[in-house]
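Participant: Position chain C against the provided structure of chain D, taking the given hints into account.
Chain by chain, the residues:
2 protein chains.
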Amino acid sequence: MKHVVILGGGFAGLYAARRLAHAPVRITLADRRNFHLFQPLLYQVASAALNPSDIATPIRSILARQRNVEVILGEAAAIDPAKQQVALGDGSTLAYDYLIVATGATHSYFNHPEWESFAPGLKTIEDALEIRRRVLLAFEAAERETDPEAQKAWLTFVVVGAGPTGVELAGALSEIARQTMIRDFRHIDPASARVILVEGRDRVLPPYPPGLSNKAQHQLEKLGVEVITRGTVTSLDDHEVWIGETRIAARTVLWAAGVQASPLARTLGVPLDRAGRVIVEPDLTIPGHPEVFVVGDLAFVEGVPGVAPAAIQEGTYAAGIIAGNPRTPFQYRDKGSLATIGRAAAVADLGFIKLSGFLAWLAWLTIHIFFLIGFRNRLLVITQWAWAYLTFQRGARLITGAERSEH
Amino acid sequence: MKHVVILGGGFAGLYAARRLAHAPVRITLADRRNFHLFQPLLYQVASAALNPSDIATPIRSILARQRNVEVILGEAAAIDPAKQQVALGDGSTLAYDYLIVATGATHSYFNHPEWESFAPGLKTIEDALEIRRRVLLAFEAAERETDPEAQKAWLTFVVVGAGPTGVELAGALSEIARQTMIRDFRHIDPASARVILVEGRDRVLPPYPPGLSNKAQHQLEKLGVEVITRGTVTSLDDHEVWIGETRIAARTVLWAAGVQASPLARTLGVPLDRAGRVIVEPDLTIPGHPEVFVVGDLAFVEGVPGVAPAAIQEGTYAAGIIAGNPRTPFQYRDKGSLATIGRAAAVADLGFIKLSGFLAWLAWLTIHIFFLIGFRNRLLVITQWAWAYLTFQRGARLITGAERSEH
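Protein sequences, first through last, are from chains D and C. So that you can map any letter, position 80 of the first sequence is 80 in our numbering, and since no number is skipped, the others follow by simple counting. So that you can map any letter, position 161 of the second sequence is 161 in our numbering, and since no number is skipped, the others follow by simple counting.
Bound conformation, chain D alone (with noise of 0.2 Å):
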């Protein structure tokens, strides 16, 4: 029985185990984590809406009952196609027939690794977790000091790129200031906070339609958002960030910005698109190996982009070759694109029609929780938005993890 090893439990690499559930093959999936994130909703827990487990699910239980699939806790180091096996950290090695890559891309800080410490990017629980750890104490701080500039910095944060995840970011948390937080304190005003959106091109949302953009915007700035287009950070540390000429103070500054794909990517030795992202075959592979292929955020493919439904479509459609389908070319079908901008404010643009407001944030609310892994996980997440939407509380708002030694 032949033998495809996937690496990477993203929405390409599940999508791929799932699509050959009933294919005569044996799968092995090795993921660094042992669980599946719905990274659509990162930003949820990092804005201390919802709980790590409400959006990550073990990979095992989703895959228990697909007896052809054994998962793997463990990270991949290197590839060798012209051996057809896999190095995994632990010194271990995988043989496969066929390989499917899908080890994803992170956040790229543009050449300046050293602004990672001081602007922390959203790309795994952990992440999620320091974000709502920094955002909850610079309120504390903020009610602790005593000189206003000084406290004026406490309040101000800054989110960096104003793709989907920096505007849910930036819209979060607004509503983070404006409402969850308004009673809490006794010496500041958590609505004077400042959230500032910093985008390098012209407009929110540049993969979007234009109009949908300048909605977007609107919405922002109605939630009390300062959206700064054509704007680009020059320098940033924990005290200030530099967009162009142009300081803000500002103790807290996030990263949603850039692409950076997965180091593996390297050990392939194939052409490599700036972002180092693997520039595939139209058939997904990687060229000289028609049974090596790359999905996902990994893989570069003119004119798609780096979101869950192209990575489910990449993943589906390398699993369905393995599986016996034609070596047609990949074809990228635009279902429509969505972002939420707070508390019942979104926009969509489903190809047939562009919402924005509260029709659209109802599509994003339902599409989101229909895809949701897991019937436990879409009950809680309904139980606790019906919640939030409803008394303006963020249940998750606790400052754990490492602690600064001042505390």
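Only true hints are included.
Cut-off 20 Å, straight-line C-alpha distance, at most; resulting in silico cross-link-like pairs (SDA-like, lysine to any residue): (1) D/K123 - C/T400; (2) C/K2 - C/G320; (3) C/K222 - C/R194; (4) D/K2 - C/R186; (5) C/K2 - D/R186.
Because the hints were derived from the structure by calculation, they are not lab data.
Facilitator: Chain C in isolation, oriented as in the chain D frame:
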């Protein structure tokens, strides 16, 4: 207006603050964490059934509407009863007219502090997540291990201390192995895992009547837990535990034994018991300082156990005196004891009636959910429990936090 300083936002501190809601005083409550933790359910986070925020609520939200309280995020470093002031860790000081010290206790490693890194205790959210991480990783490691002896060591879990926390943890671990994980692995049978509960005294749940201890032990054994009484840990590391002269090869050891008071007690300059708890006067004050109360787990009061109801009664009593009550000696009203062992298994001694099995479990469930702070938490916890009860699933099986190098 008199200034009341409360150190600690656990049960004792929080109930003291609430008791003073309508008193003509100004209150400052300081805690090093921003949330109140419902510690009786912490083992449910460790065993992947509940999320941190289900059992923790921001202190600010609990007290948001009580306008005479100010909440400070900060750790008390020292108390100076002569000057009537508290030094905080950040160098600032708080002057008080009345002080309520309720900073609690942690586990004791009995003069073996080096054991802590091998055998984490269960007092904080971080502890619970660390235990969850270790338990889940142990199953993952066993799945990949090929040597049968080494595999058995990964599947052996030792819980030291058979008080309520140890009993609950051992029962939960056994359920995880025998029910939750049953379909997840391909190379190991999770149900072959051994869970060993070690107690130094002659029976489990030593503070309970012997009849209930016997019932609890019986229920534990039905769940597959091996109980060792009169067993003293003489040595341990990350590969083995010695109970007297007996060696147990185990990669996961969890600590639920001993009591060690918060080090803040030492700065008071008053007599302490062996565990470092303050030996208080009949009105819960310290000798010579009728304005300084010590309550909760930090106080040693003959015949009063270190449980949540005692802390609540002590905090309320101290606040009552500040509000004008006479200084009649504190009297503990024992409302009974409850411990849960597993799914539909528990023991209860409510004074007028002793229960075990399903009825005791229902009583335990009702009382714990009733006391959970915040309606939202109650609702979510009920939802998650109902789900777990019906399906044997534990939703929060995520391996998060610091990753070890081999993964």
